[in-house]
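S.K.: Listed below are the residues making up each chain.
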Amino acid sequence: MQSNAALEYDYSVAKLFTYTTILFGFLGMLIGTLIAAQLAFPELNYLLGEYGTFSRLRPVHTNTVIFGFTVSGVFATFYYVGQRVLKVSMAESKFLMFIGKLHFWLYFIGALLATISLLLGYSQSKEYAQYEWPIDVVIVVIWVLWGVSVFGLIGIRREKALYISIWYYIATFLGIAMLYLFNNMAVPTYFVSGGLGNIMHSVSMYSGTNDALVQWWYGHNAVAFGFTVPIVAMIYYFLPKESGQAIYSYKLSLLSFWGLMFIYLWAGSHHLLWSTVPDWMQTMGSVFSVVLILPSWGSAINMLLTMKGEWNQLTENPLIKFMVLASTFYMLSTLEGPIQAIKSVNAIAHFTDWIPGHVHDGVLGWVVFMIMAGLFHMAPRMFKREIYSKKLLEAQFWLQTTAVVLYFTSMWIAGITQGMMWRAVDEYGNLMYSFIDTVTVLHPYYAIRALSGVLYLVGFLMFAYNMYKTMTSSRELSEEPQFRSPMA
Amino acid sequence: MDIRELQGYASFFMTIVLVMLLYGYIIYLYRSEKKGEKDYEKLGKIALDDEIDSKPINDSSASPSENKEQNK
Chain A
84 MQSNAALEYD
94 YSVAKLFTYT
104 TILFGFLGML
114 IGTLIAAQLA
124 FPELNYLLGE
134 YGTFSRLRPV
144 HTNTVIFGFT
154 VSGVFATFYY
164 VGQRVLKVSM
174 AESKFLMFIG
184 KLHFWLYFIG
194 ALLATISLLL
204 GYSQSKEYAQ
214 YEWPIDVVIV
224 VIWVLWGVSV
234 FGLIGIRREK
244 ALYISIWYYI
254 ATFLGIAMLY
264 LFNNMAVPTY
274 FVSGGLGNIM
284 HSVSMYSGTN
294 DALVQWWYGH
304 NAVAFGFTVP
314 IVAMIYYFLP
324 KESGQAIYSY
334 KLSLLSFWGL
344 MFIYLWAGSH
354 HLLWSTVPDW
364 MQTMGSVFSV
374 VLILPSWGSA
384 INMLLTMKGE
394 WNQLTENPLI
404 KFMVLASTFY
414 MLSTLEGPIQ
424 AIKSVNAIAH
434 FTDWIPGHVH
444 DGVLGWVVFM
454 IMAGLFHMAP
464 RMFKREIYSK
474 KLLEAQFWLQ
484 TTAVVLYFTS
494 MWIAGITQGM
504 MWRAVDEYGN
514 LMYSFIDTVT
524 VLHPYYAIRA
534 LSGVLYLVGF
544 LMFAYNMYKT
554 MTSSRELSEE
564 PQFRSPMA
Chain B
198 MDIRELQGYA
208 SFFMTIVLVM
218 LLYGYIIYLY
228 RSEKKGEKDY
238 EKLGKIALDD
248 EIDSKPINDS
258 SASPSENKEQ
268 NK
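In order, the protein sequence lines correspond to chains A and B.
If you use this note's numbering, the first sequence corresponds to residues 84 to 571, in order.
If you use this note's numbering, the second sequence corresponds to residues 198 to 269, in order.
For the record, the hints were derived by calculation from the structure and aren't laboratory data.
Keep in mind that the hints are not guaranteed to be accurate.
[Claimed, not checked] Mimicking DMTMM-like on lysine to aspartate or glutamate, the simulated pairs with C-alpha atoms at most 25 angstroms apart in a straight line are:
#  : chain 1 : residue 1 : chain 2 : residue 2
1  : A       : 243       : B       : 199
2  : B       : 239       : A       : 520
3  : A       : 98        : B       : 256
4  : A       : 243       : B       : 236
5  : A       : 334       : A       : 294
6  : A       : 334       : B       : 234
7  : B       : 239       : A       : 393
8  : B       : 252       : A       : 562
9  : A       : 426       : B       : 236
10 : A       : 177       : B       : 256
11 : A       : 467       : B       : 250
12 : A       : 467       : B       : 230
13 : A       : 98        : B       : 250
14 : A       : 473       : B       : 202
15 : A       : 552       : B       : 238
16 : B       : 242       : A       : 93
17 : A       : 552       : A       : 562
18 : A       : 334       : B       : 256
19 : A       : 467       : A       : 362
20 : A       : 426       : B       : 256
21 : A       : 334       : B       : 202
22 : A       : 243       : B       : 202
23 : B       : 252       : A       : 399
24 : A       : 184       : B       : 248
25 : B       : 242       : A       : 210
26 : A       : 177       : B       : 250
[Unchecked claim] Covered stretches of chain B, as calculated for chain A (at least 3 residues, CB under 8 angstroms):
#  : stretch
27 : 205 to 217
28 : 223 to 229
29 : 250 to 256
[As the list claims (entries may be wrong)] Some residues of chain B that are not near chain A, with every Cβ distance over 10 angstroms (derived):
#  : residue
30 : 233
31 : 234
32 : 242
33 : 245
Glycine is no exception: its CB is placed at the ideal position from the N, C-alpha and C atoms.
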């Protein structure tokens with residue numbers, strides 16, 4: 084392909100996915116805040132009949148924030164970053180443009196159908212894999228379309244070397260494809276029974292302990308390839324680009340990549356410590372979880388060192404602040420996870436609120452912060468307008484940081500209290516507390532978590548408003564900013 | 198030896214092999230840069246200089262020998 088002076092990057096698909104990132108982020112976090120409040124104030128379960136109960140809404144929350152918000156963010160950033168680091172425009176291929184738009188619309192319709200199916204109570208009853216088989220089929224098609232876009236863009240690239248972010252996007256594509264297919268292997272009962280029962284119903288191809296192992300191999304690695312790998316792809320592009328500093332050590336980024344790929348896939352069995360899976364497998368899960376600190380911190384430290392000599396930008400540019408905090412939360416949660424995976428610690432932590440605490444310091448502090456920072460960086464380039472308000476951005480940063488701290492500290496205290504109370508025995512070996520005793524003690528912490536949800540949601544609305552104003556009424560830019568994103 | 202024990206041993210030896218591969222890769226990265234065959238650090242510039250009309254760091258239309266020259 085020849086260079087063309089008038090050629091520009093085409094962000095139409097990236098823009099579409101940006102809109103869904105904001106929409107699904109808001110909906111997912113709204114439901115999350117509601118169910119957090121339901122845990123503190125159970126009467127809130129009865130707002131919408133069967134559709135408003137915790138058990139119905141909890142999968143809607145998790146699936147909307149994972150497959151709605153995060154995956155939209157991954158697609159939006161890929162359709163932006165992919166073009167730029169491969170130095171090729173979507174406009175150069177009508178085929179890829181068609182696939183990109185088809186990818187978006189099928190995704191959008193699929194997401195609506197999937198959410199409705201969960202609200203109606205259709206579920207495989209596997210955590211983060213609740214969607215029934217017809218929805219799974221649609222998801223596979225959507226994923227394949229994304230794969231065509233990824234490898235299609237790579238196929239027509241001008242830049243021969245694949246930038247490290249592209250490696251991470253490829254790993255996201257392959258990792259999720261493998262995990263999703265294997266964990267969702269199921270037999271639709273309607274067809275094998277000759278037309279009996281509900282057409283949506285299916286039975287997993289695995290059973291018992293095997294089912295648990297496959298499920299947590301999937302569940303943990305969905306965190307790996309959904310919440311870690313693509314987010315690392317984002318920070319490897321957006322932090323250097325926004326700060327104007329190349330990655331501190333490109334070699335370290337390659338090492339961390341292969342280290343992460345090698346180690347992550349073995350750590351899933353830490354979800355099944357003290358259960359009926361073979362002992363060696365539990366030990367393997369523990370050991371690999373601890374070793375996982377190395378590649379995770381390799382990436383995070385590489386990002387912090389990228390700011391070497393440029394730390395003044397932390398005070399001057401709120402987007403750098405978002406990304407540095409995201410990187411720091413990545414370090415915190417990738418240290419906390421291995422601690423929880425140590426068998427003796429897990430004996431206390433398992434099934435307690437410390438676990439959602441851990442998940443949320445990772446997702447709220449790392450995933451959401453990084454996606455928002457990425458979209459804020461993209462907005463002036465996609466819409467050719469400066470970011471609407473720096474003050475709003477600063478206020479959002481502090482509000483949401485406070486919310487994350489309130490969330491994880493309350494859940495640390497709640498979780499450890501809960502774990503200790505469940506284990507406490509009197510001098511005769513009888514359990515000292517009944518379950519309801521723990522609930523009474525934990526109530527204030529649940530209320531704090533609900534409050535933190537409200538704060539975080541308000542912060543997200545500030546982000547959505549800032550993005551909306553940036554798209555529509557902010558000052559127009561005459562030329563594209565090279566590094567630092569302009570803001571009013 | 199039952200199947201579970203076999204799985205355990207297989208997992209152990211596979212881990213050893215993969216560790217060796219990973220360390221081999223580290224050695225390869227540093228050795229090839231030291232010999233001047235590759236320059237990985239310049240690839241970091243791909244993110245900074247990413248205009249559609251800016252010169253690719255490694256040009257995909259260039260012949261392999263030209264790229265080898267560029268890598269030095």
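S.K.: All hints, please: hold or fail.
M.R.: Going through the hints against the structure:
1. A:243 to B:199: 49 angstroms, violated
2. B:239 to A:520: At roughly 60 angstroms apart (the allowed maximum being 25 angstroms), residue 520 of chain A and residue 239 of chain B break the hint.
3. A:98 to B:256: 29 angstroms, violated
4. A:243 to B:236: This hinted pair holds, its Cα atoms lying about 14 angstroms apart.
5. A:334 to A:294: 39 angstroms, violated
6. A:334 to B:234: Since the Cα atoms of residue 334 of chain A and residue 234 of chain B sit roughly 14 angstroms apart, the hinted pair holds (cutoff 25 angstroms).
7. B:239 to A:393: Roughly 20 angstroms between the alpha carbons, so the hint for residue 239 of chain B and residue 393 of chain A holds.
8. B:252 to A:562: Given pair residue 252 of chain B, residue 562 of chain A holds - Cα atoms ~19 angstroms apart, limit 25 angstroms.
9. A:426 to B:236: Answer violated: residue 426 of chain A to residue 236 of chain B is near 43 angstroms, above 25 angstroms.
10. A:177 to B:256: Holds: residue 177 of chain A and residue 256 of chain B sit about 23 angstroms apart, inside 25 angstroms.
11. A:467 to B:250: Measuring from Cα to Cα gives roughly 18 angstroms; hence the hint holds.
12. A:467 to B:230: 40 angstroms, violated
13. A:98 to B:250: Holds, because 22 angstroms separates the two Cα atoms, which is no more than 25 angstroms.
14. A:473 to B:202: This hinted pair is violated, its Cα atoms lying about 60 angstroms apart.
15. A:552 to B:238: Not satisfied, since the Cα-Cα distance of roughly 39 angstroms exceeds 25 angstroms.
16. B:242 to A:93: 22 angstroms, holds
17. A:552 to A:562: 19 angstroms, holds
18. A:334 to B:256: 20 angstroms, holds
19. A:467 to A:362: 57 angstroms, violated
20. A:426 to B:256: The given pair, whose Cα atoms are some 51 angstroms apart, is violated under the 25 angstroms limit.
21. A:334 to B:202: Not satisfied, since the Cα-Cα distance of roughly 38 angstroms exceeds 25 angstroms.
22. A:243 to B:202: At roughly 46 angstroms apart (the allowed maximum being 25 angstroms), residue 202 of chain B and residue 243 of chain A break the hint.
23. B:252 to A:399: 31 angstroms, violated
24. A:184 to B:248: Holds, because 23 angstroms separates the two Cα atoms, which is no more than 25 angstroms.
25. B:242 to A:210: The hint is violated at about 41 angstroms.
26. A:177 to B:250: 20 angstroms, holds
27. 205 to 217: holds (count 4)
28. 223 to 229: holds (count 3)
29. 250 to 256: n = 6 at 8 angstroms, threshold three: holds.
30. 233: For residue 233 of chain B, whose nearest Cβ neighbour in chain A is about 15 angstroms away, the distance exceeds 10 angstroms, so it holds.
31. 234: Since the minimum Cβ distance to chain A is about 14 angstroms, residue 234 of chain B lies beyond 10 angstroms and the statement holds.
32. 242: 6 angstroms, violated
33. 245: Contrary to the label, residue 245 of chain B does not stay out of reach of chain A, its closest Cβ about 6 angstroms off (not over 10 angstroms).
This entry does not satisfy hints 1, 2, 3, 5, 9, 12, 14, 15, 19, 20, 21, 22, 23, 25, 32, 33, going by the numbered hints stated previously.
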